[in-house]
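Quick note, the sequences are listed as chains W and R, same order.
Taking my numbering, the leading residue of the first sequence gets 1, the next gets one more, and so forth.
Taking my numbering, the leading residue of the second sequence gets 1001, the next gets one more, and so forth.
For the record, the hints were derived by calculation from the structure and aren't laboratory data.
Since the model is a prediction, treat every value here as computed from it, not as a measurement.
Accuracy of the hints is not assured; some may be wrong.
[Unchecked claim] 20 angstroms max Cα-Cα, derived DMTMM-like pairs, lysine to aspartate or glutamate: (1) W:K207 - W:E228; (2) R:K1043 - W:E193; (3) R:K1043 - R:E1033; (4) R:K1043 - W:E228; (5) R:K1043 - W:E206.
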Amino acid sequence: MSEKVLMKGNEAFAEAVIRGGVRFYFGYPITPQSEIPEFMSRELPKRGGRFLQAESELGAINMAYGCGAAGGNGFISSSSPGIALMQEGMSFLCGAEVPVTLLNVSRGGPGIGSIQPGQADYNQVTRGGGNGDYRIPVFAPASIQEAVDILYEAPGIADKYRNPVMVLADGLMGQMMEPVVLPEPKHAYTSAEIATAKPWAISGSEKGERSVVKSLRLQPEVLEAHVEHLYEKYAEMEKELERVECVDLEDAEVVFVAFGTMARLAREAMELLEAQGIKAGMIRPISLWPYPYKAFDQISDKTRAVISVELSMGQMLQDINLGVKGRVPVKLIHRVGGMLPTSLEVVEKTKKILEEVR
Amino acid sequence: MKPVFTVTKGMLPVSTSYCPGCTHGVAHRIIMETLDEMGLLGKTIGVAPIGCSVVAHQFMNVDMCEAAHGRAPAVASGIRRVHPERVVFTYQGDGDLASIGMGEIVHAAARGEKFSTFFINNGIYGMTGGQMAPTTLIGQRSTTSVDGRTREQAGMPLRICELLATLDGPAYIERVSLDTPAHIRAAKKAVRKAFEYQLAGKGFTFVELLSTCPTNWGLTPYEAMKRMGSEVAAYYPLGVYKDTGKEAE
């Protein structure tokens, strides 16, 4: 039964994946997402699932690999440096076509950085830090409700493509509370159902042909064919998983591009600018890969600047430029280190940029 | 006519890719024969991580997956959560288990994970061409210790059975050797015991199989067997290091 409740982000994320069919969680404590392993350790055993605290993030991603290879719907959450440690595993999961749902509640970097919110994992999650040709769909929700809806859907997407799926929520989203409508729980496969539902999985069940899950392909022509196969899948994902919200693009003098919590801040700045007679619009990528390049075609002739509002040194600019294709100047308003701009700061900087490009 | 020998269904009818004289073939066979004899072939999931035996899935006739270097115990822990009623094992070399995968094996053992680990200790990195492993003996030559390993430069070799036996999680730990027919028969008994304990839900079981790598030791298969039975077994004594079943009796 759907119900509306007030929940802290991290706990809502965890509840959403359980309702989405996840029954296995593997995690390692790291701020600002530690409420998730805490929640899972309490809740999963009650819902017929299993919780396992890993010895490290390397352990966690490889437990998730084993779980997914065995046909289980697994979930792992971490934050920036922990996600960095999992990159080898993500490459393996993609190569071996093993599904898992991942959540990065991101913080400041590089290195240990800070525990305050950050978006400087953009390149890490969209370009990947693991070896080889692979892709992972990444969704960046801007509200707890949107995060819940995406996380509820994510295990199904991971299963459909036999690939990891990632949700990127910055630390602010993990820590804030919002009212959310929780969706109806989905059926989760029992270990007995796996052999039929996922015949490719290593379930140790006499089902005729045995299963092998692997990424090693020593013969060059065989590996080439496999990578080509993966990219056919990624092409399908590009068609089906692209998500974007476009706001007031027609007549906009300035267009913000922002994701996650920065999109909420940009929205406020739009209203403040409107009150001062400056029309602003926004492109809000919800999927960071596949990136909604085509949305930038909607930018009108009246737009004089496209501004990325980011909690990084401009990691999204490369994708924005690929979308804008040089038609309009592309600028950046950013804070890093866990600092957040205020909407007024965004307004002032936007006015300055508009003067520059006039 | 009564057949006196049949090849186990546990091994696929293909040639292995291992070097002449390498004991991987023997280790594979005794594990798979045991599963066959116990009627577990269709109920077993194996994990073979990076190393020469990463290709074990081409020879072992059970559901299998590969794992990243050192991570098989974590992968098996994940599999075990999904299929608590199956038999699960990892098959790991010494570079994999005793070096890069030390964290995973120690924690899986400490948790008392209900799977069996077969640890192939040949004292060298075989797949990458004979580099020093954490188990390489003092004085042993490798491509990263060409004049022989020294204590000053590389420290002392690790004894994994002894190390894991300090933990309360494991149910059974034994070191066996594949150098003589008698030792191979004993090794097969140890493999069987590991699976029996796993089926009984007793906890983590670990069998170290001293193995040869004639290619990278620079010895003939016969010389390699001799070395394993003398020099290697002297540093890595055979025996049972933990047996909670025995303790309970």
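Hints versus structure:
Taking the CA atoms of K207 of chain W and E228 of chain W, the gap is about 29 angstroms. The hint is violated against a cut of 20 angstroms. At most 20 angstroms may separate the alpha-carbon atoms for a hinted pair to count; K1043 of chain R and E193 of chain W meet this at roughly 15 angstroms. The straight-line distance between the Cα atoms of K1043 of chain R and E1033 of chain R is roughly 14 angstroms, inside the 20 angstroms bound, and the hint therefore holds. Restraint check for K1043 of chain R and E228 of chain W: not satisfied, since their Cα atoms lie roughly 33 angstroms apart, outside the 20 angstroms limit.
Under the criterion of a C-alpha separation no larger than 20 angstroms, the hint pairing K1043 of chain R with E206 of chain W is consistent with the structure, at around 7 angstroms.
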